[in-house]
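All chains should be built: construct the whole structure from the sequences, respecting the hints.
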Amino acid sequence: MCTRILWNTNDHAVLAGRTMDWPESTEPVLTVFPQGLKRDGGKLAGTTVVAENPLLWTSSYGSLVTTFYGAGTADGINEAGLSAHMLYLDDSDPGPRDPEQPGLQIALWIQYLLDSAASVGEALDLLGTFQLVPIEMRGFAATVHVALEDSSGDSAIIEYLAGERRVHHGREYTIMTNAPAYDEQLRLLEQQVSTLRGLGHEEPDSELPLPGNVNAVDRFQRAAYFTSLLPEPADEQEAVAAVLAVTRNASVPFGAPYRSGRFATYNTEYRTICDLTGRRYFLELATSPNLLWAELDRFDLSPGAPVMTLSPDKHSLVGDVSRAFEPSPAPF
10 MCTRILWNTN DHAVLAGRTM DWPESTEPVL TVFPQGLKRD GGKLAGTTVV AENPLLWTSS
70 YGSLVTTFYG AGTADGINEA GLSAHMLYLD DSDPGPRDPE QPGLQIALWI QYLLDSAASV
130 GEALDLLGTF QLVPIEMRGF AATVHVALED SSGDSAIIEY LAGERRVHHG REYTIMTNAP
190 AYDEQLRLLE QQVSTLRGLG HEEPDSELPL PGNVNAVDRF QRAAYFTSLL PEPADEQEAV
250 AAVLAVTRNA SVPFGAPYRS GRFATYNTEY RTICDLTGRR YFLELATSPN LLWAELDRFD
310 LSPGAPVMTL SPDKHSLVGD VSRAFEPSPA PF
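Each residue of the sequence shown is one higher than the one before, counting from 10 in this note's numbering.
The set of hints was computed from the structure by calculation and includes no laboratory data. Remember, it's a predicted structure, so these values are computed and weren't measured experimentally. Among these hints, one or two may not hold up.
What the hints assert, rightly or not - Ranges of calculated distance between the beta carbons of each label pair, as one might list FRET restraints: (1) Thr57 / Ser237: 39 to 49 Å; (2) Gly221 / Thr296: 16 to 26 Å; (3) Arg332 / Leu208: 11 to 21 Å.
Glycine is no exception: its CB is placed at the ideal position from the N, C-alpha and C atoms.
What follows is the structure in structure tokens.
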């Protein structure tokens, strides 16, 4: 179900980590998109899902992303220093379709923002220029909300509830999980802090009864707690390791029960770190012992350059895998 963690208060790098928690493989592929790609926001895996007035655009910025099911973007960073993360939210509802507005099928939401915006502010300005269109993939309704951050440390959480867009914009919005809606998550976090202080836990220590289950509220509060305690790193490498440590703590182990029904478990499939200062993108599969990363500056992102892809599901891959990418047809 996923957790996003932003660390924008250290002196070395702006870093955003996330976990991808899902009941089956999302078939992740690391993908480099150059500038100048023509996109159709009405297409889903080659099928038209927005027949009337789809959003059409050409990418202004190159990006390095993780795709899912070959049909959309779950997570990524662009060359201008903007990164974006799509997380599940049960109650997401952009409202009824208005064909007067260009329609964007929701699996391409963050790819459009990465293609078109250089900062959180620019991305937020784009939100009023299109309408999100819900879709279903592999039997799941794609009900999601989005987290954004940029190299300045700015941050935003974007949700659509009952047709109303809600935006939390500011450096202080560093943690995000899933349901309930973000306003309620913040209220529950404040309530938890007040309760612990009332029990005499004024300072953090090993006796603090920290929420430890895998539900979204517990993960939100646990991630907020440990992120707030991160010490100043010695360098950028140590900063990346620190954020990765918190994402691992917020991960869902294999077999941990989540809910009853079709899929009772939502274990962590992979973790990523967007290094907005060093222009690096890290990925760690939960089924592999190795951490991978790619350097944006090693790719040709100019118009006409090839799309480059790499499947991370190879245990031989480790460290900087920038040169292991191969030209590939654009997945969308």
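Next item on the list: Could you say whether the range 16 to 26 Å given as a hint is met by the Cβ separation of Gly221 and Thr296?
Entry: 23 Å, holds
Margin query: For the hint 39 to 49 Å, verify it against the beta carbon of Thr57 and that of Ser237.
Written below: For Ser237 against Thr57, whose Cβ atoms are near 46 Å apart, the range 39 to 49 Å holds.
Margin query: Taking the Cβ atom of Arg332 and the Cβ atom of Leu208, is their distance within the range 11 to 21 Å?
Written below: 54 Å, violated
The structure shown violates just one earlier hint, number 3.
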